[in-house]
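Each protein sequence line maps, in turn, to chains A and B. Position 12 of the first sequence, counting from 1, maps to 12 under the numbering used here, and the rest follow consecutively. Position 187 of the second sequence, counting from 1, maps to 187 under the numbering used here, and the rest follow consecutively.
No lab work stands behind these hints, which were simulated from the structure alone. Please read these numbers as outputs of a predicted model, since none were measured by experiment. Mixed in with the good hints, there may be bad ones.
Okay, the calculated beta carbon distance ranges per label pair [unchecked claim]:
hint, chain 1, residue 1, chain 2, residue 2, range
1, A, Leu13, B, Phe189, 31 to 41 Å
2, A, Phe131, B, Gln9, 49 to 59 Å
3, A, Phe273, B, Ile81, 57 to 67 Å
4, A, Ala201, B, Ala174, 16 to 26 Å
5, B, Gln219, A, His239, 17 to 27 Å
Not everything, but these chain A residues come out facing chain B in the computed CB check (under 7 Å) [unchecked claim]:
hint, residue
6, Leu27
7, Val55
8, Ala112
9, Ile114
10, Thr281
11, Gly285
12, Phe288
13, Ile289
Every residue, glycine too, gets a C-beta built ideally from N, C-alpha and C.
Spelled out, the chains give:
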Amino acid sequence: MPLALSRSLLVLLFAVLVAVPFMPHILYPVFVMKVMCFALFACAYNLLLGHTGIVSFGHAAFFGTAAYVTGYALRELGLPPEVGILAGVLGAALLGAVFGALAIRRQGIYLAMITLALAQLVYFVFLQAEFTGAEDGMQQIPRGVLFGVLSLRSDFNLYYVVLACIAGGLWLVHRIVNSPFGEVLRAIREHEPRARSLGYAVDRYKIIAFSLSAGLSGLAGSLKCVVFQLAALTDVHWHMSGEVILMTLLGGMSSVFGPAIGAVLISALHHYFDALGAWVTIVVGLVFIFCVLVFRRGIVGQLNHMLMQRPSVTRSAAANIKEKHHAAV
Amino acid sequence: MDIFGVPIQAFLGQIMLGLVNGAFYAVLSLGLAIIFGLLRIVNFAHGAFFMAGAFVAYMAGSYFGVGYWPALFVAPVVVGIAGALFERLFLRRIYGLDPIYGLLLTFGLVLVLEGGFRVAFGSSGQPFPTPPELRGVWNLGFMILPVYRAFVIGVAIVVCLATWFVIEKTRIGAHLRAATERPELTQSFGINVPMLLTITYGAGVGLAAFAGVLAAPIQHVYPSMGSDLVIIVFAIVVIGGLGSIFGSAVTGLGLGVVEGLTKVYYSQASATVVFLVMALVLLLRPAGLFGREEN
Chain A
1 MPLALSRSLL
11 VLLFAVLVAV
21 PFMPHILYPV
31 FVMKVMCFAL
41 FACAYNLLLG
51 HTGIVSFGHA
61 AFFGTAAYVT
71 GYALRELGLP
81 PEVGILAGVL
91 GAALLGAVFG
101 ALAIRRQGIY
111 LAMITLALAQ
121 LVYFVFLQAE
131 FTGAEDGMQQ
141 IPRGVLFGVL
151 SLRSDFNLYY
161 VVLACIAGGL
171 WLVHRIVNSP
181 FGEVLRAIRE
191 HEPRARSLGY
201 AVDRYKIIAF
211 SLSAGLSGLA
221 GSLKCVVFQL
231 AALTDVHWHM
241 SGEVILMTLL
251 GGMSSVFGPA
261 IGAVLISALH
271 HYFDALGAWV
281 TIVVGLVFIF
291 CVLVFRRGIV
301 GQLNHMLMQR
311 PSVTRSAAAN
321 IKEKHHAAV
Chain B
1 MDIFGVPIQA
11 FLGQIMLGLV
21 NGAFYAVLSL
31 GLAIIFGLLR
41 IVNFAHGAFF
51 MAGAFVAYMA
61 GSYFGVGYWP
71 ALFVAPVVVG
81 IAGALFERLF
91 LRRIYGLDPI
101 YGLLLTFGLV
111 LVLEGGFRVA
121 FGSSGQPFPT
131 PPELRGVWNL
141 GFMILPVYRA
151 FVIGVAIVVC
161 LATWFVIEKT
171 RIGAHLRAAT
181 ERPELTQSFG
191 INVPMLLTIT
201 YGAGVGLAAF
211 AGVLAAPIQH
221 VYPSMGSDLV
231 IIVFAIVVIG
241 GLGSIFGSAV
251 TGLGLGVVEG
261 LTKVYYSQAS
271 ATVVFLVMAL
281 VLLLRPAGLF
291 GREEN
């Protein structure tokens with residue numbers, strides 16, 4: 001997308017998000033917070049899928065672990081929310097490094113299966129651990145007082161804290177993708193042996209990418225835990241891992257913020273059609289099949305593609321778009 | 001007599017349960033390996049077809065009064081045909097792409113199938129009676145052996161051997177092996193490779209459905225019965241390697257026993273031990289126990 005257009009869209013979106021708590025009858029702020037968490041989750045996931053070319057099928061482990069760690073810190077240890085969230089992020093990043101170190105010993109399809117199995121291991125740990133409340137989940141987690149001054153008990157205060165954290169997280173994703181480090185990740189995605197022969201420590205880059213992606217996914221999980229005052233098994237279940245893949249695929253994995261659009265759509269699907277129960281699962285499955293079969297570019301990728309093909313676009317603009325295609329929206 | 005402080009009856013009983021689980025792992029990973037070998041698709045929906053097999057048997061029984069024995073034949077055929085259709089209509093379109101798309105496509109199918117059966121039957125389990133011929137137990141003196149479980153283990157071993165025989169010793173098996181190694185060359189010899197792919201996928205998921213019918217009397221019939229299983233089977237496949245059909249069956253049985261033993265000595269870890277073994281194998285022998293280096 002042309003830079004000016006995407007900039008102005010971003011500013012507009014931010015303005016709308018800032019205004020949400022003043023019009024709760026139009027957009028329910030708690031729902032918007034949830035959507036933002038998933039938007040960050042999907043963009044963080046895409047650090048691996050879109051930008052490093054690694055398919056992880058276990059990201060629910062990071063999302064859910066962060067939620068449980070934060071919940072434990074807030075409810076059992078009585079720590080303030082900033083410490084709890086930080087602990088969740090660090091826990092997830094650490095787990096990401098462990099997953100990465102194990103999973104990159106194999107490639108492609110095997111790597112996906114390994115992450116799925118490791119995530120299932122994490123799922124069983126939380127299912128059996130004492131403090132997690134098993135099927136009931138960890139309930140009534142206190143939101144606490146941020147930095148000792150700002151009570152998060154009100155949704156109004158919490159909303160802006162979450163907005164700031166998510167914006168910070170997304171900015172970080174953007175920075176990582178558009179940094180020399182991100183360039184190396186793309187080199188690995190395009191041709192791993194070449195990157196290796198150029199002297200890059202490919203394994204280390206992959207593990208760091210895993211860890212960063214996991215840590216940012218963890219931030220999303222921790223925030224969701226604070227918002228809903230709940231850490232539950234659904235956060236670590238493989239359905240969640242599948243869901244984040246779908247969000248990324250649907251939004252477009254060739255862009256930085258495309259996955260966020262997928263996250264909005266899938267969250268809205270769950271939110272507005274919740275009453276239909278298992279039918280939602282069927283629809284999600286059908287969307288999945290549709291995306292894989294005929295919509296592999298995703299929404300943003302498709303838009304970019306159409307913009308490039310339009311005859312009125314000048315040659316230089318097309319080249320410009322092509323250059324930006326992988327790097328930015 | 002005790003074995004490390006555990007009475008031998010309990011010990012053998014858990015090994016027995018482990019073997020039953022291992023039998024399912026073996027049959028499922030066998031099917032996964034065959035499908036992957038030829039189609040280069042990791043069939044996430046394998047567990048969903050397992051579940052569908054159990055449900056078809058259940059529906060045949062409760063709506064049409066079809067008994068266990070005919071169902072053991074009917075359900076795999078019905079599910080196999082459904083699988084072949086899925087291959088023709090959907091899977092075929094993504095063969096040229098990265099294998100990861102196959103995993104994602106079949107994952108979508110899992111959601112559709114699970115959601116569908118949940119809409120129709122709810123999340124809770126439907127009871128499925130053990131056939132009268134196989135009720136009761138054998139008292140072997142040193143342990144009590146439920147007849148049905150012995151039957152499952154026996155059938156699973158026979159199925160694995162039969163599959164091995166078909167692949168290694170028959171004409172269609174030879175075609176299949178040829179197409180696995182060199183699809184274009186095989187096709188140029190006048191063998192209908194696309195048809196072979198369809199048959200293979202249908203047969204593979206039929207095998208999963210067969211295992212589903214076998215499992216129905218043991219664990220009830222419910223929509224998510226397959227997906228929890230398939231993740232364990234994925235771990236087993238990582239341990240054993242998808243390259244070897246024999247290897248995947250042996251690994252499946254072996255890990256079932258390991259799981260049973262864990263239940264005896266440290267039951268909390270029995271749900272996770274397979275994944276821990278996987279992590280250990282990745283550390284020590286990254287290519288897997290029977291693995292040829294893939295990619």
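Could you tell me whether the CB distance from A:Phe273 to B:Ile81 stays inside 57 to 67 Å? For A:Phe273 and B:Ile81 the Cβ distance comes to about 32 Å; the hint is violated.
Can you let me know if the beta-carbon spacing of A:Phe131 and B:Gln9 is within 49 to 59 Å? 36 Å, violated
Hint A:Val55 vs chain B: min CB-CB distance below 7 Å? With a closest approach of 5 Å, the A:Val55 hint holds.
Under 7 Å, Cβ to Cβ, is where A:Phe288 needs to be relative to chain B, so tell me if that hint holds or is violated. This hint holds: A:Phe288 lies near chain B, its Cβ roughly 3 Å from the closest one there, short of 7 Å.
Is 17 to 27 Å a correct range for the gap between the Cβ atoms of B:Gln219 and A:His239? 21 Å Cβ-Cβ, so the 17 to 27 Å window holds.
Please verify that hint: A:Ala112, Cβ, nearest Cβ of chain B, below 7 Å or not. Hint on A:Ala112: holds, closest Cβ of chain B at ~6 Å, below 7 Å.
Against chain B, run the beta carbon of A:Leu27 and see if the smallest gap drops under 7 Å. Interface hint status for A:Leu27: violated (28 Å vs cutoff 7 Å).
So, A:Thr281 near chain B? Judge it on the closest CB pair being under 7 Å. 3 Å, holds
Check the following: the C-beta atoms of A:Ala201 and B:Ala174 are separated by a distance inside 16 to 26 Å. 46 Å, violated
Starting from the range 31 to 41 Å, see whether the pair A:Leu13 and B:Phe189 falls in it by beta-carbon distance. Given a distance of about 59 Å, which is not inside 31 to 41 Å, the answer is violated.
Hint A:Ile114 vs chain B: min CB-CB distance below 7 Å? For A:Ile114, the interface hint holds, since the closest Cβ of chain B sits about 6 Å away, which is under 7 Å.
Mind checking the CB of A:Ile289 against every CB in chain B and telling me if the closest is under 7 Å? Hint holds; A:Ile289 Cβ to chain B Cβ min 4 Å, cut 7 Å.
Of the numbered hints given earlier, the model fails hints 1, 2, 3, 4 and 6; all others are met.
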